[in-house]
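Participant: So the chains spell out like this:
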Amino acid sequence: DTEVTQTPKHLVMGMTNKKSLKCEQHMGHRAMYWYKQKAKKPPELMFVYSYEKLSINESVPSRFSPECPNSSLLNLHLHALQPEDSALYLCASSHQTGNTGELFFGEGSRLTVL
Amino acid sequence: EDQVTQSPEALRLQEGESSSLNCSYTVSGLRGLFWYRQDPGKGPEFLFTLYSAGEEKEKERLKATLTKKESFLHITAPKPEDSATYLCAVLITDSWGKFQFGAGTQVVVTP
Numbered sequence: 001d002t003e004v005t006q007t008p009k010h011l012v013m014g015m016t017n018k019k020s021l022k023c024e025q026h027m028g029h030r031a032m033y034w035y036k037q038k039a040k041k042p043p044e045l046m047f048v049y050s051y052e053k054l055s056i057n058e059s060v061p062s063r064f065s066p067e068c069p070n071s072s073l074l075n076l077h078l079h080a081l082q083p084e085d086s087a088l089y090l091c092a093s094s095h096q097t098g099n100t101g102e103l104f105f106g107e108g109s110r111l112t113v114l
Numbered sequence: 001e002d003q004v005t006q007s008p009e010a011l012r013l014q015e016g017e018s019s020s021l022n023c024s025y026t027v028s029g030l031r032g033l034f035w036y037r038q039d040p041g042k043g044p045e046f047l048f049t050l051y052s053a054g055e056e057k058e059k060e061r062l063k064a065t066l067t068k069k070e071s072f073l074h075i076t077a078p079k080p081e082d083s084a085t086y087l088c089a090v091l092i093t094d095s096w097g098k099f100q101f102g103a104g105t106q107v108v109v110t111p
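Chains as they are written, first to last, in this note's numbering: chain C, 1 to 114; chain U, 1 to 111.
Treat the hints as calculated values from the structure; they're not laboratory data. Errors might be hidden in some of the hints.
Between beta-carbon pairs, the in silico distance windows are [what the hints assert, rightly or not]:
id : chain 1 : residue 1 : chain 2 : residue 2 : range
1  : C       : Ser55     : U       : Lys79     : 32 to 42 Å
2  : U       : Thr26     : C       : Ser59     : 22 to 32 Å
3  : C       : Pro61     : U       : Gln3      : 22 to 32 Å
4  : C       : Lys41     : U       : Gly29     : 45 to 55 Å
Remember, it's a predicted structure, so these values are computed and weren't measured experimentally. Beta carbons are placed, not taken as given, at the ideal position from N, Cα and C, and that holds for glycine.
Please put together the full structure from these sequences, using the hints given.
Facilitator: In structure tokens form, the structure reads like this:
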């Protein structure tokens, strides 16, 4: 069982909706990540939080807004998305950035934008 | 430019037929190389971390090795439950959290 929990597992939203994806880890990790994965493609990095501060934003459109309320929680707020944003959104954590530590992924949230 | 290439793209094996997957990399400095297994519609599951050339790690039917240019994931006597996509990722020195993933190898093991 993964120790990174993502909710919801599935989300369908219209282009005018506002929704949020949530991620929680209790491994004491200080780095948390959002990745986007399209079918048959590798995960693409979106954001990295290190010690609850945004350290990397891979030029992600502003319709995706990350938030890290505390060291265990990571949110991704979604607004005015496009159909091409439909994908599997993966949350991951690691002991800390810049380290050799591996990523631990959640099961993902499957997003469909109509 | 940093690059991670996996081959083959897809691999179909009979149960018990051993094989190897390749992950070749060209990076400015390697901090670590990671292997993951991903089942359809699920998040990647961590398998191994390799840090330096000559290192080997084993887990059940899987064995990962590392040289200065590539890593191999050997699958010995695979079973149908080993069917998955296997991803390798590298963490580059001074990349501060940017893991670069290969495109993956999709493995299907038939009974």
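Participant: Would you list, in rising numerical order, the hints stated earlier that this structure does not obey?
Facilitator: 4
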